[in-house]
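K.L.:
The numbering of the sequence shown is UniProt numbering, which starts it at 1 and goes up by one.
Keep in mind that a hint or two might mislead.
[Said to hold, decoys possible] Result set (BS3-like, lysine-lysine): computed pairs, CA atoms no more than 30 angstroms apart in a straight line:
#1 LYS80 with LYS147
#2 LYS147 with LYS282
#3 LYS336 with LYS167
#4 LYS384 with LYS86
[What the hints assert, rightly or not] Quick list of the computed label-pair ranges, beta carbon to beta carbon:
#5 ALA436 with GLN326: 46 to 56 angstroms
#6 LYS207 with ASN473: 15 to 25 angstroms
#7 LYS119 with SER264: 49 to 59 angstroms
#8 LEU135 with VAL161: 56 to 66 angstroms
#9 GLY36 with GLN283: 15 to 25 angstroms
#10 ASN236 with LEU519: 24 to 34 angstroms
Source of the hints: derived by calculation from the structure; they are not laboratory data.
Glycine included, each C-beta is placed from N, C-alpha and C at the ideal position.
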Amino acid sequence: MFTPILGVSFGNITSTIAIVKQDKKSTLEVIANQDGERSINSALSYKQGNEYHGGQAIQQLVRNSKNTIVNFRDFLQYDKYSAIPKDLLKRCEDSCPLIDIGSDVPGFEYEVEAGVSVKKSVVEVTGNHFKQLKLAADDYTSTDFEKVIISVPESFINSEVASKNLKEAAKLAGWNIIQFIGETSSGLLSLTDSKVSVDHKIAKDGKDKNVVVADFGGYTSTVTVFAVRNNGIMTNLVTKVDNNLGGENFDECLMTSLAKEFESKHKLSGTLNDIRSKHKLKQAAIVTKKTLSNVTNAVIGIDSLSQGMDFHTSMNRMKYELTIMQIVNKMSNLVKSTIKEAGLDPLEIDAVVLTGGSSFTPKLNNAISFIFDEDVTSIISLVKGTESQHPDEMNSAGAALQGALLFDDETDELDQLVQHSIDVPHLDTYIGYLNASDEIEPVFLKDTPLPARKIVKLYKQVSDFQLALYTANVEIKEREEEVGEKQPRELDEDESDYTDSDDEPEIIRYKVFNKGELLASAPVKSIGAKGCEISYEISKEGSLKVVVRDIVSKEILTKIE
Numbered sequence: 001m002f003t004p005i006l007g008v009s010f011g012n013i014t015s016t017i018a019i020v021k022q023d024k025k026s027t028l029e030v031i032a033n034q035d036g037e038r039s040i041n042s043a044l045s046y047k048q049g050n051e052y053h054g055g056q057a058i059q060q061l062v063r064n065s066k067n068t069i070v071n072f073r074d075f076l077q078y079d080k081y082s083a084i085p086k087d088l089l090k091r092c093e094d095s096c097p098l099i100d101i102g103s104d105v106p107g108f109e110y111e112v113e114a115g116v117s118v119k120k121s122v123v124e125v126t127g128n129h130f131k132q133l134k135l136a137a138d139d140y141t142s143t144d145f146e147k148v149i150i151s152v153p154e155s156f157i158n159s160e161v162a163s164k165n166l167k168e169a170a171k172l173a174g175w176n177i178i179q180f181i182g183e184t185s186s187g188l189l190s191l192t193d194s195k196v197s198v199d200h201k202i203a204k205d206g207k208d209k210n211v212v213v214a215d216f217g218g219y220t221s222t223v224t225v226f227a228v229r230n231n232g233i234m235t236n237l238v239t240k241v242d243n244n245l246g247g248e249n250f251d252e253c254l255m256t257s258l259a260k261e262f263e264s265k266h267k268l269s270g271t272l273n274d275i276r277s278k279h280k281l282k283q284a285a286i287v288t289k290k291t292l293s294n295v296t297n298a299v300i301g302i303d304s305l306s307q308g309m310d311f312h313t314s315m316n317r318m319k320y321e322l323t324i325m326q327i328v329n330k331m332s333n334l335v336k337s338t339i340k341e342a343g344l345d346p347l348e349i350d351a352v353v354l355t356g357g358s359s360f361t362p363k364l365n366n367a368i369s370f371i372f373d374e375d376v377t378s379i380i381s382l383v384k385g386t387e388s389q390h391p392d393e394m395n396s397a398g399a400a401l402q403g404a405l406l407f408d409d410e411t412d413e414l415d416q417l418v419q420h421s422i423d424v425p426h427l428d429t430y431i432g433y434l435n436a437s438d439e440i441e442p443v444f445l446k447d448t449p450l451p452a453r454k455i456v457k458l459y460k461q462v463s464d465f466q467l468a469l470y471t472a473n474v475e476i477k478e479r480e481e482e483v484g485e486k487q488p489r490e491l492d493e494d495e496s497d498y499t500d501s502d503d504e505p506e507i508i509r510y511k512v513f514n515k516g517e518l519l520a521s522a523p524v525k526s527i528g529a530k531g532c533e534i535s536y537e538i539s540k541e542g543s544l545k546v547v548v549r550d551i552v553s554k555e556i557l558t559k560i561e
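Whenever a hint applies, use it, and build me the whole structure from the sequences.
P.N.:
Rendered as structure tokens:
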């Protein structure tokens, strides 16, 4: 009997929950809470004996900031308050602050009602957040979810403290964490199921490829280069993280711009020094950011922003993009530097997946698209129309799909199934055969996990030939392409007839495979009229076996061992 396993994405700013339904289509669904929010704010607020969660808690920031807890996820990496960096503590300085609640334990102190304060550790606060997520999932499905897979940063998976704290928090909510999955891994996994993904390269063709997953969150940007081989085996080549780069930087740029405009209009100063004014600007900035990601103009209205003065203005997308340009450049540079660290060129990247709420920014999509050749690399994002899943929801979707692969096994067997990663040997070179044009056709790409097997069918090869197998390496070359002459067109009245006759030729970059060491060579004779089928196998130890068969009779024509 299939046991539902809930997929959970736990972010600093928002969390999402998803399931794979037990219907005929195994439909993936991201679950909304009681307020209809699928992207649920990771926030809790307390007032007059009531606990508010998600969007309701965020609304309390303006008037009840000291009893509203936000940005608490990353504190789970520390078991001692004294070990937490000061820069991290600043994330809570405009809300309920993180303190030492005793014995160097990090936590929060807040009033549940007038005159009654309580202290809760970060683990306990996270447990309360998880309880609310569990309540939303249980109510929606009428199922008591016990098993979950949680998408978290790679640093959490490699941290004993973070893993322990998350498991304790989940236990408080009535959850048993079956597996942690990295955010970029879950983002990629959400695209590999053809039932839920639109028609793009990763989901459909099953070919080996190099994929970049760029997760732009609220405070953190993570970029991973994956080698996807053997119909879905993912190898993490490089991961780079910037813990001070994300959507919060967009918000800060907008807040500063709006505050300057407001102060200029009303001859005021110090707007951002007032906590209430700051939170009002923050909420306006978030709404403006989301609006300008969908349309080209946004109207902004804030009642009593500062000293009783209202603020009403508008902003177009061009002005917004100029405001955030430096942040966008940092994000695109992070993508470029990660690819370089992986030892690859952008021409060797087959697809780029953009996840995280901040990736829903047209300017960022365009900046990253500019790095790649559109004929070589697919940019997969909601903005580009090449993915149907909202970037905020992709991590929980990937976790839910991972959960759908697991059954109600015995605990010992399940533990073996859910190892986060397995170390296996990988090829350190390309391997391919020499075609009729004396060019290398790659069979196994570099970073293919071993053992590996590939079958190549040569339908047009009906005559005898010499099969030669080589190692290979990639070289990026350049050529000049003259600008083609265009037919003159009739000019409009307001157009000039000036032309630039000194158009420079366009530089075209392209990828070639250079022949390396000869690994094996053998003649292939007596090929049937339909062609041949070549089976290539590499063992875990690296030994090579090649078998050539007639494509119809399956008769062995040549064997190399």
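K.L.:
Does the structure keep LYS384 and LYS86 at a Cα separation of 30 angstroms or less?
P.N.:
Distance ~39 angstroms between LYS384 and LYS86 Cα, so the pair is violated.
K.L.:
So does GLY36 sit 15 to 25 angstroms from GLN283, Cβ to Cβ?
P.N.:
holds (18 angstroms)
K.L.:
Does the structure keep LYS336 and LYS167 at a Cα separation of 30 angstroms or less?
P.N.:
violated (35 angstroms)
K.L.:
Return holds or violated for the Cβ distance of LYS119 and SER264 against the range 49 to 59 angstroms.
P.N.:
violated (44 angstroms)
K.L.:
Indicate whether the distance between the beta carbons of LEU135 and VAL161 respects the range 56 to 66 angstroms.
P.N.:
Hint violated: Cβ distance 27 angstroms, outside 56 to 66 angstroms.
K.L.:
Note whether the CB distance of LYS207 and ASN473 lies within 15 to 25 angstroms or breaks it.
P.N.:
The hint (15 to 25 angstroms, Cβ to Cβ) holds, given that LYS207 and ASN473 are roughly 20 angstroms apart.
K.L.:
Going straight from one Cα to the other, do LYS147 and LYS282 come out at no more than 30 angstroms?
P.N.:
violated (36 angstroms)
K.L.:
24 to 34 angstroms was suggested as the range; check whether the CB atoms of ASN236 and LEU519 agree with it.
P.N.:
holds (28 angstroms)
K.L.:
With 46 to 56 angstroms as the target window, see if ALA436 and GLN326 comply at their CB atoms.
P.N.:
holds (52 angstroms)
K.L.:
Can the restraint linking LYS80 and LYS147 be considered satisfied, given a maximum Cα separation of 30 angstroms?
P.N.:
holds (29 angstroms)
In this structure, the earlier hints numbered 2, 3, 4, 7, 8 are contradicted, and the remaining ones agree with it.
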